[in-house]
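Read off the chains here:
There are 6 protein chains.
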Amino acid sequence: MSDQWLTTLKTDTPQQGYELAIKMSRMGVKYTQPSEEIREKLRPNYDEDTGNLIAISHVIAVNFQTIASANGYWKTERAYRG
Amino acid sequence: MSDQWLTTLKTDTPQQGYELAIKMSRMGVKYTQPSEEIREKLRPNYDEDTGNLIAISHVIAVNFQTIASANGYWKTERAYRG
Amino acid sequence: MSDQWLTTLKTDTPQQGYELAIKMSRMGVKYTQPSEEIREKLRPNYDEDTGNLIAISHVIAVNFQTIASANGYWKTERAYRG
Amino acid sequence: MSDQWLTTLKTDTPQQGYELAIKMSRMGVKYTQPSEEIREKLRPNYDEDTGNLIAISHVIAVNFQTIASANGYWKTERAYRG
Amino acid sequence: MSDQWLTTLKTDTPQQGYELAIKMSRMGVKYTQPSEEIREKLRPNYDEDTGNLIAISHVIAVNFQTIASANGYWKTERAYRG
Amino acid sequence: MSDQWLTTLKTDTPQQGYELAIKMSRMGVKYTQPSEEIREKLRPNYDEDTGNLIAISHVIAVNFQTIASANGYWKTERAYRG
Numbered sequence: 001m002s003d004q005w006l007t008t009l010k011t012d013t014p015q016q017g018y019e020l021a022i023k024m025s026r027m028g029v030k031y032t033q034p035s036e037e038i039r040e041k042l043r044p045n046y047d048e049d050t051g052n053l054i055a056i057s058h059v060i061a062v063n064f065q066t067i068a069s070a071n072g073y074w075k076t077e078r079a080y081r082g
Numbered sequence: 001m002s003d004q005w006l007t008t009l010k011t012d013t014p015q016q017g018y019e020l021a022i023k024m025s026r027m028g029v030k031y032t033q034p035s036e037e038i039r040e041k042l043r044p045n046y047d048e049d050t051g052n053l054i055a056i057s058h059v060i061a062v063n064f065q066t067i068a069s070a071n072g073y074w075k076t077e078r079a080y081r082g
Numbered sequence: 001m002s003d004q005w006l007t008t009l010k011t012d013t014p015q016q017g018y019e020l021a022i023k024m025s026r027m028g029v030k031y032t033q034p035s036e037e038i039r040e041k042l043r044p045n046y047d048e049d050t051g052n053l054i055a056i057s058h059v060i061a062v063n064f065q066t067i068a069s070a071n072g073y074w075k076t077e078r079a080y081r082g
Numbered sequence: 001m002s003d004q005w006l007t008t009l010k011t012d013t014p015q016q017g018y019e020l021a022i023k024m025s026r027m028g029v030k031y032t033q034p035s036e037e038i039r040e041k042l043r044p045n046y047d048e049d050t051g052n053l054i055a056i057s058h059v060i061a062v063n064f065q066t067i068a069s070a071n072g073y074w075k076t077e078r079a080y081r082g
Numbered sequence: 001m002s003d004q005w006l007t008t009l010k011t012d013t014p015q016q017g018y019e020l021a022i023k024m025s026r027m028g029v030k031y032t033q034p035s036e037e038i039r040e041k042l043r044p045n046y047d048e049d050t051g052n053l054i055a056i057s058h059v060i061a062v063n064f065q066t067i068a069s070a071n072g073y074w075k076t077e078r079a080y081r082g
Numbered sequence: 001m002s003d004q005w006l007t008t009l010k011t012d013t014p015q016q017g018y019e020l021a022i023k024m025s026r027m028g029v030k031y032t033q034p035s036e037e038i039r040e041k042l043r044p045n046y047d048e049d050t051g052n053l054i055a056i057s058h059v060i061a062v063n064f065q066t067i068a069s070a071n072g073y074w075k076t077e078r079a080y081r082g
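Here the protein sequences come in this chain order: S, P, C, B, W and F.
Per this note's numbering, the first sequence runs over residues 1 to 82.
Per this note's numbering, the second sequence runs over residues 1 to 82.
Per this note's numbering, the third sequence runs over residues 1 to 82.
Per this note's numbering, the fourth sequence runs over residues 1 to 82.
Per this note's numbering, the fifth sequence runs over residues 1 to 82.
Per this note's numbering, the sixth sequence runs over residues 1 to 82.
Keep in mind the hints are simulated off the structure, nothing from the lab.
Certain hints may be false.
Which copy? The list can't say, so a pair holds if one copy fits it or any two copies do.
What the hints assert, rightly or not - Calculated pairs, EDC-like style, for lysine to aspartate or glutamate (alpha carbon to alpha carbon, straight line, at most 16 angstroms):
{"id": "1", "residue 1": "23", "residue 2": "49"}
{"id": "2", "residue 1": "30", "residue 2": "49"}
{"id": "3", "residue 1": "75", "residue 2": "12"}
{"id": "4", "residue 1": "75", "residue 2": "47"}
{"id": "5", "residue 1": "75", "residue 2": "36"}
{"id": "6", "residue 1": "30", "residue 2": "40"}
{"id": "7", "residue 1": "30", "residue 2": "3"}
{"id": "8", "residue 1": "23", "residue 2": "48"}
{"id": "9", "residue 1": "30", "residue 2": "48"}
{"id": "10", "residue 1": "10", "residue 2": "40"}
Just so it is clear, the structure is predicted and the values come from calculations on it, not from any experiment.
Just chain S, with the same shape it has in the complex:
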């Protein structure tokens, strides 16, 4: 994918970090199924199927762990400082 969509894991706020986690979760799907037409056709399976909605929230949670860690949990004062 030549498009630059992930240049940094840094975000200003936890919510922007959560939204980046959503984007990353969707990109995992997009890399595997690049056809927008097929993805559009599958869309109702995503957003009207309870099990899939929970599974998506799970993937977001895993990606958010990474982003939160990359941002030092958005704490101004680091607890680890010596």
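Use these hints to put chains P, C, B, W and F onto chain S, whose structure you have.
For chains P, C, B, W and F alone, kept in the frame of chain S given last:
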């Protein structure tokens, strides 16, 4: 989503952290399926299906890991202090 | 939930930590399905379905990771100490 | 459960750690379904169902992460030492 | 597998790290099913099945956690520095 | 299991670490289903079922996290060094 719903990962107690983890898990669903009407229609699949209830508890557990880490596990004395 | 059920992640032993992980995993279900009557009705799906039993053990494992980390893995001597 | 089955996460070798992870994964099932009779009846679903066998290996992997971390990955020299 | 496909976890950018995570996720499949013919036959199950697409994004997320950590989250200044 | 199959988590390269992660994932299955005959019978379910192939790649990813961490991500210079 213009609404500010996640401004900090800090909570006063582990239980508030757990409840924030629940909120984050639900927001993962809400971002993917913004229609409250459809989410309401799907509700019985969430809360009366055993597999889905366990899956939700799993997502909460992952989000709680992040929040607990962000809060230094709510320890007053940090074990890492030099 | 006004009931205080999670005031600390600290436990005296790994086993108490594991049992707290079980409690947390169940609370994830309880928050999503507060009706004791419905949960009671769903009980056979939990404890007589192999896939669900394994899934529950998975959720416990994730929560135990958090608790174990919060307790410094119950080591009397911290390896990180400077 | 009054039986003391988890008094430490320390093991002498990675393999003993892996075997403790297996035990923890099984205990998650045992706590949820304490009846040995029912567990025995469900046994073929565990060990002759491919999806369940993979799911069990997954739970073991998560528990092993915790145990490996608790044992400093069984390294004689800690990389973190100051 | 004699082919050298993973000589380092280091990447220049988060996006290259994400793409390495994709590669690692696919290699997990390739090691288990080395026949390209069979994998090709299974391909529609991957990229036209919603549940599988989400599951793949999940595996990528887990591998990306590892890679992001290996790269210090691509931060030029390390927060942990003493 | 009296056989010594996991004496160290150390490997020389990331790829060897990944291959150890594969071995660990398979051992989780072997401990649960020790009969080689039954495992052989189940083999087509593993390597010709898309969902199972993805699930196996997931378990490998989790085990690789542990191994990568144990090896300091195969970095010659540790970023944490004081």
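Checked hints:
1. In this assembly of identical chains, residue 23 and residue 49 lie within 16 angstroms of each other by CA distance neither inside one copy nor across copies; the values are 20 angstroms within and 20 angstroms between.
2. Within a single copy, residue 30 and residue 49 get their C-alpha atoms only as close as 19 angstroms, which misses the 16 angstroms cut-off; across copies the closest is 13 angstroms, which meets it.
3. Within a single copy, residue 75 and residue 12 get their C-alpha atoms as close as 11 angstroms, and across copies as close as 15 angstroms, so both meet the 16 angstroms cut-off.
4. Taking the shortest Cα distances, residue 75 and residue 47 never come within 16 angstroms of each other, neither inside one copy (34 angstroms) nor across copies (35 angstroms).
5. When the C-alpha separation of residue 75 and residue 36 is checked against a cutoff of 16 angstroms, the pair qualifies neither within a copy, at 38 angstroms, nor between copies, at 33 angstroms.
6. Taking the shortest Cα distances, residue 30 and residue 40 sit within 16 angstroms of each other inside one copy (11 angstroms), while across copies they are farther apart (19 angstroms).
7. Taking the shortest alpha-carbon separations for residue 30 and residue 3, only the intra-copy value of 12 angstroms comes in at or below 16 angstroms, while the best inter-copy value is 27 angstroms.
8. Taking the shortest alpha-carbon separations for residue 23 and residue 48, neither the intra-copy value of 19 angstroms nor the inter-copy value of 20 angstroms comes in at or below 16 angstroms.
9. Proximity of residue 30 and residue 48 under a CA criterion of 16 angstroms is satisfied inter-copy only: 11 angstroms between copies versus 19 angstroms inside one chain copy.
10. When the C-alpha separation of residue 10 and residue 40 is checked against a cutoff of 16 angstroms, the pair qualifies neither within a copy, at 30 angstroms, nor between copies, at 35 angstroms.
In terms of the numbered hints stated before, the structure departs from hints 1, 4, 5, 8 and 10, listed from lowest to highest.
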